[in-house]
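Trainee: Chain B: place on chain A using the hints.
Protein chains in written order, with the numbering used here: chain A, 1 to 292; chain B, 1001 to 1463.
Hints listed in this document are in silico derivations from the structure and should not be mistaken for laboratory results.
Any given hint could turn out to be false.
Unchecked claim - EDC-like mimics (lysine to aspartate or glutamate), calculated; alpha carbons at most 16 Å apart, straight line:
(1) A/Lys262 x B/Asp1347
(2) B/Lys1271 x B/Asp1110
(3) B/Lys1268 x A/Glu40
Everything numeric in this text was worked out from a predicted model, so none of it was measured.
Chain residues, written in single-letter form:
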Amino acid sequence: MYKILKKRVLNETICLMDVEAPRCAAHCQPGQFVIVRTDEGAERIPLTVCDYDRDAGVVTIVFQIVGAGTLRMMHMEEGEYFHDFVGPLGQPSELTLETAEALKSKKILFVAGGLGTAPVYPQVKYLHELGVDADVIVGAKTKDILIMEDEMKAVAGNLYITTDDGSYGRSGMVTKVIEDLYAEGRKYDLCVAIGPMIMMKFVCKLTKTLDLPTIVSMNPIMVDGTGMCGACRLIVGDEVKFACVDGPEFDGFLVDFDQAMKRQNLYKTEEGRKYLLEQEKETHHGGCGQCN
Amino acid sequence: MTTDVNVRVPVREQDAAERAHNFEEVCYGYNEEEAVCESTRCLNCQNAQCVKGCPVAIDIPAFIAQVKAQDFEQAYQIISKSSSLPAVCGRVCPQETQCEGKCIRGFKGDPVSIGKLERFVADWARDHGIKPVGAASKNGKKVAVIGSGPAGLTCAGDLARLGYEVTIFEALHEPGGVLVYGIPEFRLPKEDVVLKEIENVKSLGVKIETNVVIGKTVSIDELMQDEGFDAVFIGSGAGLPKFMNIPGEQAGGVFSANEYLTRSNLMKAFKEDADTPIYRGKKVAVVGGGNVAMDAARTALRLGAEVHIVYRRSEEELPARVEEVHHAKQEGIIFDLLTNPVEILADESGWVSGMKCIRMELGEPDESGRRRPVEVPGSEFVMEVDAVIMSLGTSPNPLISSTTEGLDVNKWKCIIADEENGATTKEGVYAGGDAVTGAATVILAMGAGKAAARGIDEYLSNK
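The shape of chain B in the complex, shown without the other chains:
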C-alpha cells in the first residue's frame, strides 16, 4: 500500500485491450485493504469543503472516518441518510468537479478518492445484505413520483424515509430510467448495482408501477383527484433526441444515441440471444462530445466496430468527463476533433455509406464562453462509415407539460421549478432533474429530487 499521503491509492481496472471486447465493468473498485488505506488520507476537516461540493450533501468526513475505523455498516448508514443510490453515485458522479474538486488534499497532491470510497461502502453493504433504515411509522400521506430515474428514486427514497406512502410511475417496462436505458453495463452494471439500489429504495416501502405513461395512461390531475395523491413529483427525464437536420439523416444506419443505447442497455441487444436487434457496424461515427457520446462510442466499440468520435470543437471543450475520455482513448476510440458533419451519404439501398465532414477551427469565444468553431473553407472530406450515431442532446418531452393544466414551461419547454424546493407553477406539483434543467448529470438530478422531497414535506406538513 502506498505511504505517500499526497498520492491516492490507485484503483484496479480491467485491461483496456481486453475490456474493449466485453461489457464487464471497467473499474474494479477498492477492496477492504485499499479502502481503509485511502481513508487514512482524509483530514477530517472541521469545515469540510467536500460536503459543500456534494449535490446531496453526504456527510463525507463522517463516513470516511467509519471506513477508517472499519465499521463499514455504519459508514453505509451515514451515506444512505443523504443518498438513495450510493453504489450508482460512486460510479458515475463527476467527483472531480464536486466533492473531490473541493478536497484540501487536492492542493498539494491527489484529492481523497471519495467516489471510490463511496462505491466501496455501497458494494460492501450490498454484499453483506445491509439495507437502508426506513421510517419508523407512516404519516398517512400519499405522494406520486413520475419517473424512476435518479431524480425520482431519490425523491421517493427521501419521502419514504419521512413516512410518506410513495408510488413511482414508470413509463418503460423496467424501473431505473437513464441508469437502465442510458448508462452502459460496463460503467454501471444493471443486475448487481442498479437493480440492488432500486430494491433498497423499495425496501423503504416505495411502490413502483411500470408501464404507466403519465399524460397518456393517466393524468396528474387524475392522480391527485381520483387516486388520492396529496402531492406529485415530476422527474420524467430529458426527452426527445436532437438531430442535425443535415441531408441524408433519414438513411438506414443513422441512430440517435438514445436509440442505440436503449437497444443495447434496456433491451440487452449487446447479448447474442436478445430479441431486439442492434446494428453492429464495421466503422461507426459518433457525432458529439458529451458523456452520452462516450457511452455510445464505447458500446459500438464493444460490439466490434472501429469507432470515431466526431466533434466540432477541440479536446479542451469536450463536455464529457475527463475519466470517460481517458477510458475511451485507452480502449482505442479515435477522436476526430474540429470536425463537423455536413451530409450523410447512403448507398443505393438507402444505408449509410459515408459522412461528408468539414474541418473546423476555433474562433472568438461565444456566449457559452467556449471558442466558437468556424468552418475551414474548402476542407470537406468524406469519411467512410456504415453507421452514424447522433449524440447531440435532447429537447424536452411535451407529454406531461401538454396534458397538465397550470404547469408552466420556460422558453426551452422545460418545466419551471424552484431550485430550492422543486415547486412548479401548479400547487402540490414539484419537479426536478432533466425535465427541469435539460440534459445534465445523474447527481444533479438526485440533488433536485432531494430538494423537492424537502419541498413536498414542507408543503404537506403545513397543509
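Next up, chain A with everything else stripped away, as it sits in the complex:
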C-alpha cells in the first residue's frame, strides 16, 4: 500500500499527489512513468513521473480525469493509500545520459501542452540542478486550466506562457510561440515536446522545417507497462515499438502520429466509456487532453 502524503488540486480536472513509494523514488528519472491502481479490481493507470524526493522516498504524480479510474483517484485524500504503485517504468529521458558539460553547450527548448507540463517539469528541474537553464513554452487552452506556473518559473530559463484564447500570457498555440521565438532571432539545438498527440504532431511538423531535433513523449493505452501486452505499440521509423519498454520518449520526426492518434481515439471511447456514460450521457467531447 502506498500512502498519499499530499494532494493539491491544480484545476477542475487536474490534480497533483505526493505518494510514498521508496523503492520507486530511489530509482526514478525524468522521462519515466509509474502505474497506479486505486484499489483491488481497479484498472492500471500509467502516469508520468512529475517529481521525486529520493531521501524522503516520495514520488510526485499529476493526473487528469479521463475515465472512471482517474475520477476515483481525484476523490482520494491525503492519508489514504493507493493499492498499487509500480515503477519507474520506461526509459529515462536521453538528457539524463549526457554529461553536464555536454548539456551546457546546448540550447534546449521545452514545449509543454496541458497535462504535458507535469512530465516536462522534472526534466527542466534536472537541467536546472546541473546549472543548465532551458527555455520553456507552456501552452493551455485558457488561463484557468494552466498548471504548475510557479514551479516551472523557479527552474526554467525563459518561461513563455501562451493560452489559446489569449486570456493569459501570449496568445495562440505553442507552435506560434516557437515561430515567434525564431523570428526574434532565437535558435535551439534540441526541442522536447510533451502534450496532447495533436500538439506534438504539429510541433514536430514545424521543428522539422526549423531543422530542430525534437523528442516527444508518447502515452498510448497500456495494460501491464512492462512489455508483456503490446497494447502500447507505435510505429516509429517504420518499426513497431512498445512505448512502455522502448519509450515513452521517441524521436518525434520518426513517430507516425496519425496512426497513434487513430489508435488512441479508438481506445479512448472504450476505456472511458463508463465515466462518459455516468458523466456525459453522450459521446465524448474533449477534456481528455487528446481531443480538440
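Mentor: Just chain B now, kept in the frame of chain A:
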C-alpha cells in the same frame, strides 16, 4: 464404476454447449470414489517410468498407493515434497506426453489418469485445510526470486523447505505470473486454485513483494549488495508478444493474445463490473495454433463471439495439447487450417473490418521436422472479422538482461543457464523457465525452478 482395467475412469466435464457461455471450470475432476477406483489401475511398477516422465519427479506410484489406501493426506504430502503446485499441474500439465505417456498401462489400453489423480489429491487437501510441511529451522541465508510464476513459485517453495529465507519479487500487482494473467479461469480457477497454491507456498515462509520490476525498481546487483541476498533466481517469464508485421496490424481491434488474456484474466474484464474493458467481438480471428491461441479463442467465445482459429499448417501440426483442441472444437471454435493472414483491413474509423488470408499447402519438411506450409498462388480471400488476436509467441524481455552486468544471453536473447542447476554466467545468479527457454509449459518452468533450487542450495552450502 468401471471394471475394465484397460479403461480409465472417465472424468466429468461441464456440458460443452453450456460452458461455451460461462467461465466456470470445464473439468470437474474426480470425486473420492472415482479417484480410488482409478488408483487401483496403477501397477505400482518397481522401475516406474511415469516418474521419469515427470519434470519434477513426483513419486507417482507412492502417492497413488496412498490414494488406493484412502490416505489422501499422506498422498498430498508425498506429492508436495516434489511439487509446490499440484492443483495447478493436475490441471494444466501435458500429462499425455509426460507421466501418462510413459505409463505401462498405456501399451494395452488407457494410461492411468495420473493428472486427474494429482488434481483430486491437491483439491482434497485444500478442502481439508492440509498444508505442505515446511522446514524445521531456517539456515539464515537469503535468496531473492524474480517472478512469481510457476518457475519462481517452485524454486521459492523448494528453497523455503530447505530452510532458506526467500523473497519473491513480482512486477504485477498480483502474484502468479502466467497462472494469473495467462491461463483462463475456465481451465485454472484463480480464487480456488491458484490463490490457494500461492498461500501454500507462503505458508512455507516465502515472502512475496508485488509491484517490483527488477531492472527498474531495483537491480539484481543492488539486491545482492545492498539488501543482503546471497543468491538470486530469475524466473521472469517469456516477454514481449510477437506480431506478424503485415499491413493493417495497428488497426483498432488487433490484440496480442497476451493483451487479450491479461485484460480478461488478470484485470477480470470478463466480468461485467470490471474497470478494465475488453472488446467483445462478433466474429474474432485468433491467429496461431498453440495453447495460448486456444485459451484466447475460448475466452473470446465465452465473451460472445464466433471464433475462428487461423493456422497456417494442418491439424496434425497444431502445437496445442490435444485436449485443448478437443475442448475448443466441442465448444464450437471453427478451425481454418492451412490458412495464413496477409493483411488486416480496417474501416474508415480505423477498426478491423476484415482479414485478407491466403490458403496454404504442406510442402517439404523444414528444420523443425514439420512440413513447411507453402502459399497456394491466387487463393487469397477476405474473412470478415471485427477483432483479430495474434498468438504467435513471444520474444524475451530485455528488462533484466540489459540491466545486469555479467548476465549473458544467447542469440535469441534468452538468458543462458545451465540445464542441470540453473547457473547463469553471473555468480550467485540462477535462471529458469521461459526467460531461459523461450515460451514453453508451466511444468517445464517448474522443473527448471526445481533444478535451480538444487543448484542454489549446492552453491550456498559450499560457500
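Trainee: For every hint, state whether the structure bears it out.
Mentor: Hints and how they fare:
no.	hint	in the structure
1	A/Lys262 x B/Asp1347	12 Å, holds
2	B/Lys1271 x B/Asp1110	39 Å, violated
3	B/Lys1268 x A/Glu40	11 Å, holds
When held up to the earlier numbered hints, the structure conflicts with hint 2 and nothing else.
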